[in-house]
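Chain by chain, the residues run as shown.
Number of protein chains: 2
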Amino acid sequence: MCPAQRNDDGQLTARVAALLTAFSPGDDALGISELARRSGIPKSSVHRLVGHLTTEGLLERDGTAIRLGLRLFEIGQLAVRQRGLVDAARPYLADLREATRNTVHLAVLEGTEVVYLDVLGGPDAPALPSRIGGRFPAHATGVGKALLAHSPESTVDAVLAAGLPRVGPRTIIAPGLFRKQLGKIRADGIAYEREESRAGVICVASPLLNHAGSAVAAISITGWSTRMRADRVAPAVRTAALALSRTLLAGPKR
Amino acid sequence: MCPAQRNDDGQLTARVAALLTAFSPGDDALGISELARRSGIPKSSVHRLVGHLTTEGLLERDGTAIRLGLRLFEIGQLAVRQRGLVDAARPYLADLREATRNTVHLAVLEGTEVVYLDVLGGPDAPALPSRIGGRFPAHATGVGKALLAHSPESTVDAVLAAGLPRVGPRTIIAPGLFRKQLGKIRADGIAYEREESRAGVICVASPLLNHAGSAVAAISITGWSTRMRADRVAPAVRTAALALSRTLLAGPKR
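From first to last, the protein sequence lines stand for chains Z and D.
First residue of the first sequence? That's 1 in UniProt numbering, and the numbers climb one at a time after it.
First residue of the second sequence? That's 1 in UniProt numbering, and the numbers climb one at a time after it.
So that you can see chain Z by itself, here it is in the shape it has in the complex (with noise of 0.2 Å):
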């Protein structure tokens, strides 16, 4: 081993990185001089690291079409069901859309943004752009605001620190109006999003909260707003939330 060489893993890790984290929700396949373009990673040692990461699965390459490998699927299935979470909240959800007929998320809070670790869609609901694993700004949806209010006050700064920006037509932008709505949220227990994500379409959210009182994720009923009624879904989201943080906090079943 050469004596740069514990240095160097550190490099090859970030690079490892780099090329998994090139790949965006819009992409099917790429080619070697985009991988470079998006990794800042020279093209000589994109070709090495995509011929080292084939092997191993993690990538995929069809001719010039590379993509990311079946395997990594696999390995990510298992980092959010090591959490527990998704299967344990499942039945909720199913029970969710069964009972309202509109589509139900479980979201958890990746820095400012919400990531959904699971999506049921409902037979009434609108088409949403919220996908299984995708992210969205929490400050603009039901399950991010009752996350919000239900985290540490560092968190709710660094939110406001990088800005409220405009998603839907009604998202609060106001760093005030915001922190009042935290509160209320905090002491309601439910979040309601009108038109702050998208138009036409309300949310009514509420969190699963460990033994401090911290949120660990939410979920949310997701219906157009001039369909469904928010208060009468309400009380069936708190219910299921309440239900779900009593089977999370009884310890995970696997």
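Treat the hints with caution; some may be incorrect.
For chains that are exact copies, the list does not tell them apart, and a pair is met inside one copy or across any two.
[What the hints assert, rightly or not] With a cut-off of at most 25 Å between alpha-carbon atoms, the simulated DMTMM-like pairs for lysine to aspartate or glutamate come out as follows:
hint, residue 1, residue 2
1, 43, 9
2, 184, 157
3, 43, 28
4, 184, 34
5, 180, 231
6, 43, 62
Calculated from the structure, these hints are not laboratory results.
Quick caveat: nothing in here was measured; it's all calculated off a predicted structure.
Could you slot chain D onto chain Z? The hints should help.
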């Protein structure tokens, strides 16, 4: 860069892959020693690499507990969505579940096993070991047989060469019988599985075919052998598979 760097790249990539694939479905978090034991990598190297991978968000560390990072879940979702299959299949799977109240699967072939890309549990179906991102021996499942019947001869040969281990009470373990059944499945476009994966459970599957007539995936309905009439759900599975194949051939919509 040292002269040995190119080889080291390969070794390090293999080590990164070994660490990421060291986790199994039953695990919560693992420690450094257990990761070293499973991956065969010296503890000091595991320690260093875990640090790098944590920096990149591919692993997460909470004290001594090491977990797969949520970033891997996001990447993994892209890996399967690049194939366009899951998004295209979702409405068809939801319809099948609603119409039959049993559990529906979407799976692809990986070597001698199937990998489940999607599983929608039905209210009338038994609890099953199949889970999204999980694997199962191909020869003992409906989806696996549907896939093998429409795969190159070399793929079937590989499965037979690996042996046909008994999985359920009626798993087909005779190679001649298995080949004969694949011929019938190829002719019918329908694969029946009767207690071959698990006692009391039956399954009806149908392949999704590409232009060349090869299976790219398969869908199935699984239920109790005493409650689900295989001959009655078969037309629904076959119809959904044909419609979905047509949608996939028409090209990806993302």
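Determine which of the earlier numbered hints do not hold for this structure and return their numbers in increasing order.
Per hint list: single violation, 4.
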